[in-house]
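> Listed here are the chains, written in short residue letters.
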Amino acid sequence: MSSLRERAQDARIIITCGPGGIGKTTSAAAIGLSLATTTAQRVLVLTVDPARRLATALNLEGIGNEISSVDLPDALGTLSVAMLDTKASWDALIRRHADSEANAEAILSNTLYRNITERFIQSHDYIAMERLYELVETGEFDVIVVDTPPTRNALDFLDAPSRMADFFSSRLLRWLIAPARGGVAALAAKPFTMVADRILGGAFIGDMSEFFMLLATMYEGFVERARAVEALLTLPTTCFVVVSTLEATPLTEAQFFCEELTKRHLQLVGWLVNRVLPLSLAASSFELDERAPRGITGTAKHRRRGDA
Amino acid sequence: MSGPLEESPALQNIGDAATRERISSILEVNLEAWSTVARRERRALDQLATGGVPITTVASRDGLVNDVADLVILGQLIMDTPSVLKSNDVSATPS
Ligand SMILES: Nc1ncnc2c1ncn2[C@@H]1O[C@H](COP(=O)(O)OP(=O)(O)OP(=O)(O)O)[C@@H](O)[C@H]1O
Ligand SMILES: [Mg+2]
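Top to bottom, those sequences are chains U and Y.
0 is the number of the first residue of the first sequence in numbering that gives the first Met the number 0; add one for each residue after it.
0 is the number of the first residue of the second sequence in numbering that gives the first Met the number 0; add one for each residue after it.
I should point out that these hints are in silico values taken from the structure, not numbers from a laboratory.
The structure displayed is predicted, hence computed values, not measured ones.
Where is the CB? At the ideal position from N, CA and C, for every residue including glycine.
Computed Cβ-Cβ distance ranges for the label pairs, DEER-style:
(1) Ser24(Y) / Ala87(U): 52 to 62 Å
(2) Gln46(Y) / Arg51(U): 34 to 44 Å
(3) Arg94(U) / Trp33(Y): 52 to 62 Å
Can you build the whole structure from these sequences, using the hints too?
Here you go:
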């Protein structure tokens with residue numbers, strides 16, 4: 000049977016995804032290292048929350064959104080690593096889409112914005128995909144291996160771009176910006192703002208309206224961008240590897256994820272089943288294992304029960 | 000109870016007969032437990048294989064996944080281990 004290397008041969012993006020805590024980050028780093036050492040490619044690993052020792056091993060400490068390179072003396076290619084810094088990525092996104100420097104600064108210094116970037120609807124998921132798009136655009140890498148954030152729902156990051164586009168086209172947004180914009184919309188929204196004013200305080204509502212209004216000036220750029228990010232995921236050169244262990248709970252979640260990828264016609268190149276026990280152990284204890292030392296072989300026939 | 004592991008060459012030079020018997024029975028209990036888990040894993044793999052997506056299996060690396068050299072080895076296992084569609088083929092998996 001083919002190997003993952005063969006099946007992902009044409010991949011420009013390899014995404015490791017799956018349930019939490021089963022080795023997505025570790026696998027992404029390992030795949031990146033393998034590609035960089037054995038092929039003449041410029042490889043980038045985009046990682047999310049790496050364990051401390053892994054970050055140290057990859058030379059990744061406290062560097063925000065910057066890209067650092069890993070020293071690989073005998074490698075055929077090169078390896079760079081970047082960590083996802085949600086806040087820095089949001090700021091960069093705002094600067095890119097704001098129609099003026101002044102608007103960008105207004106948003107960035109808005110108290111609500113500062114609070115909301117951490118909690119903004121699926122901000123983590125969306126920004127991971129957004130950052131990926133940005134890195135692809137630089138043209139500096141032949142392959143990007145992407146680690147995915149631990150999400151409550153493994154599909155969140157897949158849906159994030161379209162949810163973001165929907166949000167910006169939504170009625171909700173129009174209502175939210177109404178008080179700042181004035182006019183008919185403001186009148187229509189009045190009952191809402193009056194209630195909100197009483198509950199939340201005028202300053203908060205003011206901040207919120209300003210924030211969403213400024214955000215609305217970036218509407219087209221945002222939607223366009225979100226659609227482009229979405230399109231990136233569906234390219235035939237974007238490959239998904241579903242990582243799981245064989246424990247029941249993660250496996251069920253991973254299987255569901257697998258079905259969803261298939262449903263969306265995304266390139267699923269394989270399962271990576273991590274941390275399995277040597278399968279020789281599954282043979283009737285050790286009887287069928289040719290590698291077992293003589294003296295053990297054949298002495299455990301009574302253990303055959305349950306052998307599949 | 001005299002365990003079959005007692006006859007193992009690996010145990011021949013350890014302690015006296017009573018010690019060997021004790022070690023072998025402990026090992027046997029452990030092996031039995033591990034093989035129960037391994038059989039459960041194998042059934043899960045069989046079930047997974049019915050989905051038709053190629054499966055690459057990687058053994059647990061005893062925590063050896065924290066420096067570049069370890070990760071290179073792990074990466075090679077991930078990328079170059081032949082994938083399986085049935086767990087019967089899994090004997091090809093390096094352990
Ligand atoms: N094959 C392996 N052998 C041994 N240890 C492993 C292996 N794969 C992963 N680990 C360890 O398991 C732990 C979890 O791995 P990792 O951080 O890669 O998971 P994750 O899926 O990215 O988690 P999260 O969903 O929280 O981001 C780490 O301590 C890692 O070192
Ligand atoms: Mg992780």
